[in-house]
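Please take these sequences and the hints and turn them into a complete structure.
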Amino acid sequence: MAQTNNLGLSRNDYKGGKSTLCPGCGHDSIANQIISMAYELGIEQHNLIKMSGIGCSSKTPAYFLGRSHGFNALHGRMPSVVTGALMGNHTLKCVAVSGDGDTGSIGIGQFKHAIRRNIPFVYIIENNGVYGLTKGQFSATADEGQYLKYYGKNELPPIDLALEAIIGGATFVARSFSGDAKQVQALLQAAIRHQGIAVLDIISPCVTFNNAETSTKSYPYGKEHQISLHDIEIVSSGYVHEQQEITIEDYPENEVIQVQMHDGTVIQLKKLGQDHDPRNRMQAIQVLEQAQREQLFVTGLIYYEEPRPTLAQLENVTDTPLAKLKPEQLRPSRQQLADVMADFR
Amino acid sequence: MSALNLQYEPKISQDGKIVNDFAFVVATKNGSGSQTSNNVLVKSLFNMGIPVNGKNLFPSNIKGLPTWYTIRVSADGYTARRATTEIVIAYNQDTAAEDIQNLPEGGVCIIPADWKWTHSRDDIIWYEVPVKAIMDQSNTPRDFTKMVENMTYVGVVAQLFGIPLDEIKRALLDNFNGKEKPANMNFEVVQLAYDYAEQNLTKKDPYYFEYDNKTEGKIFITGNEAGALGAIFGGVNIVAWYPITPSTSLVDAVMSYKHLRQTDDGKNTMVIIQAEDELAAAGMLVGAGFVGARAMTATSGPGISLMAEFVGLAYFAEIPCVFWDITRMGPSTGLPTRTSQGDLLFTYVLGHGDTRHIVLLPGTPEEAFEFGWKSFDIAEVVQAPVFVLSDLDLGMNNWMADPFEYPDTPINRGKVLDAESLQAFIEKHGKWGRYMDVDGDGIGYRTIPGTDHPRAAYFARGTGHNELAVYSERSDDWINNLKRLRRKVETARHMLPKNVVDYDPAKSIGIMTFGTNEPAVVEARDWLKKQGVETNYLRVRALPLEDDVMDFIQKHDRVYIVENNFDGQLYQIICMENPQDLTHVVSLPLGDGLPMTARWIVEQVLEQENK
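Residue numbers (our numbering), protein chains in the order written: chain U, 2 to 346; chain P, 2 to 612.
Since the hints were made in silico from the structure, they are not lab data. Keep in mind that the hints are not guaranteed to be accurate.
[What the hints assert, rightly or not] Every beta carbon over 10 angstroms from chain U, so not counted as near; a handful from chain P, in silico:
#, residue
1, 9
2, 143
3, 167
4, 192
5, 502
6, 546
7, 551
8, 592
9, 595
[Said to hold, decoys possible] In silico lysine to aspartate or glutamate, EDC-like type, Cα no more than 20 angstroms apart, as pairs:
#, chain 1, residue 1, chain 2, residue 2
10, U, 327, P, 265
11, U, 325, P, 419
12, U, 325, P, 421
13, U, 327, P, 421
14, P, 180, P, 168
15, U, 327, P, 266
16, P, 508, P, 552
17, U, 325, P, 266
18, P, 215, U, 344
[Claimed, not checked] A few chain U residues facing chain P, derived, Cβ under 7 angstroms:
#, residue
19, 69
20, 72
21, 331
Small disclaimer: the values here were computed from a predicted structure and weren't measured. From the three backbone atoms N, C-alpha and C, an ideal C-beta is built for every residue, glycine too.
So this is what it looks like as structure tokens:
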């Protein structure tokens with residue numbers, strides 16, 4: 002008999018349709034990790050929406066969580082659709098997938114503004130530095146000096162989306178590598194619990210158009226140059242319906258950072274040679290700056306802070322989602338109309 | 002200008018007076034505080050029971066450029082803009098020469114005495130107002146002088162034509178929401194100017210205001226305020242927008258009535274989100290509609306342009322949402338403060354691929370309110386974006402109206418399946434697919450996120466899906482989808498607000514129009530009747546067109562289609578969808594940036610009829 006989670010569902014129940022991406026695409030590994038995350042955490046799929054823009058990465062929500070509503074929206078415009086959806090029903094969880102073209106170029110405005118509004122969702126950027134569906138143009142995250150068959154040499158500096166997210170005010174910013182299943186999984190589990198926007202910039206190599214060793218967004222480069230800031234582990238869960246807390250062993254302080262998240266979840270970061278405290282914004286920015294100069298890519302939870310209020314909280318919406326209010330809550334009374342009319346006499 | 006050069010003919014009483022049947026234009030500089038003066042004049046007249054309208058013809062500018070405000074009183078209740086006015090208040094030196102030139106013979110010019118203006122015409126009546134002397138005499142703090150000095154013409158108008166000062170006082174208090182201090186500061190200047198006129202000006206003109214009872218029970222409201230109230234009573238949950246003239250005051254009005262949509266413990270059942278651009282605003286609507294919330298935006302042509310891609314997506318993903326287009330001239334800076342009906346064709350077919358949108362066409366504040374709430378029911382029943390096409394004239398000017406009627410039908414959420422009804426659907430039909438047309442009306446059953454059923458989910462996307470909402474690139478799937486969408490358009494066609502029709506089989510000439518040309522056409526029909534041309538009338542209130550439009554066309558020897566755009570867009574839509582002989586249909590398009598006048602329509606029709 003297949004193993005089941007706390008909802009009595011098997012991992013298969015969290016799958017979606019068959020992928021149509023190139024075999025070996027990094028995006029498929031991320032989709033698999035999303036399936037595992039939702040299965041492991043026992044997430045109710047009907048209370049989660051999966052959203053995307055346009056591009057290879059944006060096709061992937063069709064390949065995971067088949068029992069969740071999904072919306073493949075417009076190129077670069079997923080953030081506004083998520084904003085409307087999560088204001089219409091603030092009780093939904095949301096996993097959204099975008100790419101480096103979708104977010105870094107056409108959608109950079111909506112990316113920044115969703116962060117500014119603190120819309121609480123997991124914003125995954127599957128970043129490969131290249132436009133796949135249109136056959137291999139550079140994206141805005143492509144490395145300076147990189148060669149691509151389509152275009153030749155890229156003379157422009159890359160946009161660092163993790164840096165943009167921190168500067169924009171995101172309270173959970175991580176970077177990872179699609180080949181690092183363990184880290185992606187840990188980050189996803191932490192991100193879905195975050196009660197603010199959680200930006201995950203995941204380097205996800207394009208096996209067809211951008212997998213040359215010289216590209217920082219290739220498998221060989223990633224494997225060679227990934228510098229993980231920490232090992233990440235969820236040591237206690239804020240989810241009430243999950244298992245009881247795991248006792249934390251007493252690590253020496255200078256090697257372990259524990260970050261308690263808003264819902265009570267504790268994540269533990271085991272130091273790996275780097276001395277990085279993700280709660281320090283200036284340090285987070287510096288780490289990314291330094292990495293960019295050295296053409297390294299640091300992975301892990303780069304920045305975390307207690308989330309600011311979400312837009313729905315700031316707007317003080319009813320506890321019942323706006324989309325589920327009863328007709329009598331939506332239409333003021335006859336007397337109220339009469340009173341208003343008197344203002345205009 | 003027509004060769005006919007018709008002049009408005011007011012009623013003249015036996016003693017030579019013209020009572021409550023004339024128009025004046027106030028020429029000032031933008032940002033000089035004249036808005037208050039003009040509002041006070043119009044509201045005073047309304048409170049006196051005299052049918053009145055005010056049209057603000059203003060520049061795209063915060064301060065300094067010329068602005069004109071036309072006020073018309075009409076005992077007969079005509080509220081269209083008049084092409085010419087008998088009286089000018091020439092308070093803008095930059096335009097005074099032309100403003101005075103535009104007066105008809107026997108007209109009246111009220112002008113500051115400080116300018117030492119030569120009497121450029123001797124066939125008009127001059128009243129000079131020593132604005133500076135009056136202001137010096139008043140206790141107005143220096144900082145406020147420029148803002149208050151326009152009150153001098155209010156005082157002079159009140160004295161010359163007969164508005165009792167207590168009516169002015171009442172309107173001032175109303176204007177300042179009951180605050181005595183600013184009301185008194187303004188009133189002092191009105192009083193001084195009134196006294197000056199009484200002692201120094203000799204009345205030489207025939208124009209008088211007199212109390213009437215024709216505004217009893219009426220309200221005075223802008224179309225934008227009406228639309229906002231409609232949305233609030235229609236259960237809007239999310240208003241996502243980006244500021245743009247002339248739609249901004251619609252969202253402002255939603256904000257000012259936010260309390261109507263708060264629970265007892267102060268929580269909001271409706272939120273307003275100022276987006277980073279119109280594109281994002283449209284995206285928010287689509288997201289909100291997808292999860293089952295009622296969402297709308299208010300914008301104008303340039304904003305609609307940016308929203309085009311999302312509107313197309315909403316059409317094909319079948320997401321309910323409401324778009325108000327307060328139409329102005331465009332594109333770019335265009336003539337952002339001038340009215341237009343130029344977005345009719347644009348909104349009707351907006352989007353790439355084959356689209357036909359529902360477009361509601363309010364012509365009065367009552368309809369702005371009614372279509373305001375109804376648009377959400379229509380959007381959810383049809384599962385489609387709905388446009389409400391208003392314009393600057395309706396949106397930003399005050400109109401007389403009857404108090405709004407409370408919605409006469411309950412909120413209709415359309416075909417939404419919860420877990421239970423989804424189960425029943427599956428048991429009945431063997432399966433459920435988002436785009437299955439089991440009722441034959443082209444409208445599927447939708448589920449919304451949060452529905453606790455293992456088969457409730459579907460994946461929304463624009464193109465390329467079959468009836469189960471599964472990705473498909475098969476031609477037959479796509480054609481079937483387009484055919485079903487066309488069935489849906491046909492269903493919608495017959496459930497929209499009915500056209501206004503005034504038909505008498507004895508008449509062989511028809512006039513057709515839409516939106517805010519209503520008052521001009523109503524007046525033009527009376528005027529034409531006096532000229533021996535009797536007409537029937539149809540005012541289109543929605544696209545796609547209801548069958549009675551062609552019916553009306555076929556029953557007449559000649560039909561004039563009057564619209565305030567240059568291309569004759571309603572005419573084009575009728576021709577496009579009805580390939581039969583329409584040579585007896587005459588397109589009368591204008592599109593000059595101003596609210597339509599009866600005179601223009603009468604001239605156009607007479608020229609054709611006299612051929």
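We went through each hint and held it up to the structure:
| no. | hint | verdict |
| --- | --- | --- |
| 1 | 9 | holds, 29 angstroms |
| 2 | 143 | holds, 34 angstroms |
| 3 | 167 | holds, 17 angstroms |
| 4 | 192 | holds, 25 angstroms |
| 5 | 502 | holds, 28 angstroms |
| 6 | 546 | holds, 30 angstroms |
| 7 | 551 | holds, 36 angstroms |
| 8 | 592 | holds, 31 angstroms |
| 9 | 595 | holds, 25 angstroms |
| 10 | U:327 to P:265 | holds, 15 angstroms |
| 11 | U:325 to P:419 | holds, 11 angstroms |
| 12 | U:325 to P:421 | holds, 16 angstroms |
| 13 | U:327 to P:421 | holds, 18 angstroms |
| 14 | P:180 to P:168 | holds, 16 angstroms |
| 15 | U:327 to P:266 | holds, 17 angstroms |
| 16 | P:508 to P:552 | holds, 15 angstroms |
| 17 | U:325 to P:266 | holds, 18 angstroms |
| 18 | P:215 to U:344 | holds, 19 angstroms |
| 19 | 69 | holds, 5 angstroms |
| 20 | 72 | holds, 4 angstroms |
| 21 | 331 | holds, 3 angstroms |
Going through the hint list in order, the structure satisfies each hint without exception.
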